[in-house]
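Protein sequence lines correspond, in order, to chains G and E.
In terms of the numbering used here, the first sequence opens at residue 1 and continues consecutively.
In terms of the numbering used here, the second sequence opens at residue 477 and continues consecutively.
Possibly wrong hints are sitting among the right ones.
[Said to hold, decoys possible] Residues of chain E placed beyond 12 Å of chain G at every Cβ, according to the derived structure:
no., residue
1, K491
2, A517
3, R543
4, P551
5, Y557
6, R638
7, V673
8, G692
[As the list claims (entries may be wrong)] Mimicking DSBU-like on lysine-lysine, the simulated pairs with C-alpha atoms at most 35 Å apart in a straight line are:
no., chain 1, residue 1, chain 2, residue 2
9, G, K36, E, K491
10, G, K30, G, K370
11, G, K370, E, K491
12, E, K491, G, K39
13, G, K39, E, K536
14, G, K166, G, K10
15, G, K39, G, K469
16, E, K491, G, K166
17, E, K491, G, K30
18, G, K82, G, K30
19, G, K469, G, K357
20, G, K383, G, K370
21, G, K30, G, K198
22, G, K198, E, K536
23, G, K383, G, K10
24, E, K536, G, K30
25, G, K166, E, K536
26, E, K536, G, K357
27, G, K383, E, K536
28, G, K82, G, K378
29, E, K536, G, K82
No lab work stands behind these hints: they were computed from the structure.
Positions of the beta carbon are idealized from the N, C-alpha and C atoms, including for glycine.
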Amino acid sequence: MVHLTSPAFKANAARALADAGLQRALARSKPQFQAKRAKAAAGLPEFEALRDVARDIKNHTLAHLDFYLEEYAAKVEAAGGKVHWCATAEEARAAVLAICRAAGARTVTKGKSMISEEIGINDHLEAHGITPIETDLGEYILQLRREPPSHIIGPAFHLNREDWEKSFRESHTELPPEREFRERRDILTEARTLLRRKFLAADVGITGANFLIAETGSSVIVTNEGNGDLTQTLPRVHIVLASIEKVVPTLEDACVFLRLLARSATGQDFSVYTTFSTGVRREADPDGPHEYHVVLLDNGRSNMVGTPFQDMLRCIRCSACMNHCPVYQAVGGHAYGWVYPGPMGSVLTPTLVGVEKAGHLPNASTFCGKCESVCPVKIPLPKLMRHWREREFERHLTPPTTRYGLRLWAWFAQRPALYRLAAGLAMGLLGRLGRRRGAFRFLPFASGWTRGRDLPAPEGPTFLAAYAKQRREGTR
Amino acid sequence: MSREAILAAIRRGLKRGPLPADQAAMLRGRIAAHPRHIIPARARLPRAERIEQFVRHVEKEFGTVARVPDLAAVPAAIADYLAQQNLSPALVVAPHPELAGLPWAERPMLAVDYRAAREGDAVSLQHAFAGIAETGTLVFPSGPDRPTTLNLLPETEIVLLRASRIVGAYEEAWDLLRAEYRDPLSGGFLPRNVMLVTGPSRSADIEQTLELGAHGPRRLHVLLLEDGDDPRG
């Protein structure tokens, strides 16, 4: 399982800011992610209206989630598949292991799946003598490097080309060490060749699911590489890892999300492979798996239903929120310390691992609101982060200095005349003290701020005083 | 099994018990009616523009398109394409009735095998169930006449698509399946697998730089069969 380091967010973030390679990768990817999404969204005049429809479909589904899950499960079974309902990560790990053992599996190929990270299936399989092989190119190199993903759709975006070459040389020792990687294509070709053998030899294939369709009992995966399709087509057994909120009622409902997903994620109009899998190989079929299992994971999500955090269950994991987040773009995904980074992770992680461990995450936000403005299902992410801050405060989890500071501020804020007087005095004093230099290099109680930058000295009266003066003098 | 525990937790959150029968019937009615939502204007073009749009999108996504006047012209078009790409003249072909009668004898150098794909196959010829103009997407329902592996294992996939089977929106492709396909196992309208394919395989995992041919085909070449008027208009 991804080792939880969310409690150390501040140290993680400091390390990330000092990591030159990571900063190079962030600087490279940010303008790409944002410009591509903007162009794709602008290219579809109906995009904004589709976001409203998408939100409404998810809300409708969540309001009848029990019904749609049962309908979905019935259709899966009608197509020869089996649904394994798992309340916890432990149950899901046990279910996957049992299926692999029954299949006599030695190796298991895997398509990209965040649920797989959430339940830590790789370590579990390895501990029981079964070799999992990640086949998404980004996940593959992370498995070689024993690193967790740093982004939910571009898991290895934090690596640079020399990292790829180094890892391949270290891991692919069966190949001549003097071989050259003249271009990126050579790295890709080496991975393609090696992984092709793994695809053909695997006994079980594990994929995630972007959607589950109640109407047909289908699981849907959306990929560009085709690794997910090889994973679910070639082995004898296909296991789908999916969480309960992935279900949508019909194919028509799914179309709304498909029009939004790639545009929001990579800025493509549509991903290369959008594949609907429904049950086992039919009698006359020349290919496809003989067994089809869906491991349906709850892991705390059902407890979000009926709470303000139910909105988070609309998430389709497109990554637009992190691609547009100034905090994520400064520190990358690893700093968040668990499976889901960025704004969606800052809301989801505390619900899944507890706010006492992940309380830093909803605080790591500038509340600029960009995440909500690009979310294809309009999740009010800043509002939900505020909910976490409030709960943290109520449960006395925030540090005493913050709590007393906030109390003091609240006391003044509730007494406007006093607040204005105190602010006027303090600003006047700071203004006089700082007049000569124009800025402070160091201030008592504000060393956190001044360590990295100067605080400009206030000039003239406070905003409220200036505003009142202008009103009196009749100017605007 | 945790089925009941999960459903109970959801119902607790929703502050109700199992859905009353009349409401469940209403939701089943919604599934049966599967209402469409917004269909973008770009997916509602008349035939000629729709075909042009399909071609434009395939090309934008790094696929290629060649037009053929009839089935008899297919072997020559394939031989020409393979020669032009400097690929050896051997291909594995979907055992689809429409591809069964192709006059391969006119191009005796082409080695043709009707079956699912195996490792080592370099080129496939697949049959498209439909095309979707909205994004230049090909629709491949699996089955004995359309093996899934043909879309995945070879480095080059050639696809035969009838122009009359190009629809505007994804929803229209589902309706074609609903009308034309009955699954022997589930009784539904979906086979084991339906692949929607838009361009050749690719990855941008290495420094966000696009490279074609990640795990699936590096080349996707559509032979567009310019058949008669589409009765749907």
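Hints, one by one, checked against the model:
no.: 1; hint: K491; verdict: 6 Å, violated
no.: 2; hint: A517; verdict: 7 Å, violated
no.: 3; hint: R543; verdict: 23 Å, holds
no.: 4; hint: P551; verdict: 23 Å, holds
no.: 5; hint: Y557; verdict: 21 Å, holds
no.: 6; hint: R638; verdict: 21 Å, holds
no.: 7; hint: V673; verdict: 6 Å, violated
no.: 8; hint: G692; verdict: 3 Å, violated
no.: 9; hint: G:K36 / E:K491; verdict: 42 Å, violated
no.: 10; hint: G:K30 / G:K370; verdict: 14 Å, holds
no.: 11; hint: G:K370 / E:K491; verdict: 33 Å, holds
no.: 12; hint: E:K491 / G:K39; verdict: 43 Å, violated
no.: 13; hint: G:K39 / E:K536; verdict: 14 Å, holds
no.: 14; hint: G:K166 / G:K10; verdict: 30 Å, holds
no.: 15; hint: G:K39 / G:K469; verdict: 46 Å, violated
no.: 16; hint: E:K491 / G:K166; verdict: 55 Å, violated
no.: 17; hint: E:K491 / G:K30; verdict: 43 Å, violated
no.: 18; hint: G:K82 / G:K30; verdict: 41 Å, violated
no.: 19; hint: G:K469 / G:K357; verdict: 48 Å, violated
no.: 20; hint: G:K383 / G:K370; verdict: 12 Å, holds
no.: 21; hint: G:K30 / G:K198; verdict: 33 Å, holds
no.: 22; hint: G:K198 / E:K536; verdict: 32 Å, holds
no.: 23; hint: G:K383 / G:K10; verdict: 22 Å, holds
no.: 24; hint: E:K536 / G:K30; verdict: 23 Å, holds
no.: 25; hint: G:K166 / E:K536; verdict: 34 Å, holds
no.: 26; hint: E:K536 / G:K357; verdict: 47 Å, violated
no.: 27; hint: G:K383 / E:K536; verdict: 39 Å, violated
no.: 28; hint: G:K82 / G:K378; verdict: 33 Å, holds
no.: 29; hint: E:K536 / G:K82; verdict: 40 Å, violated
Violated hints for the displayed structure, listed by number in ascending order: 1, 2, 7, 8, 9, 12, 15, 16, 17, 18, 19, 26, 27 and 29.
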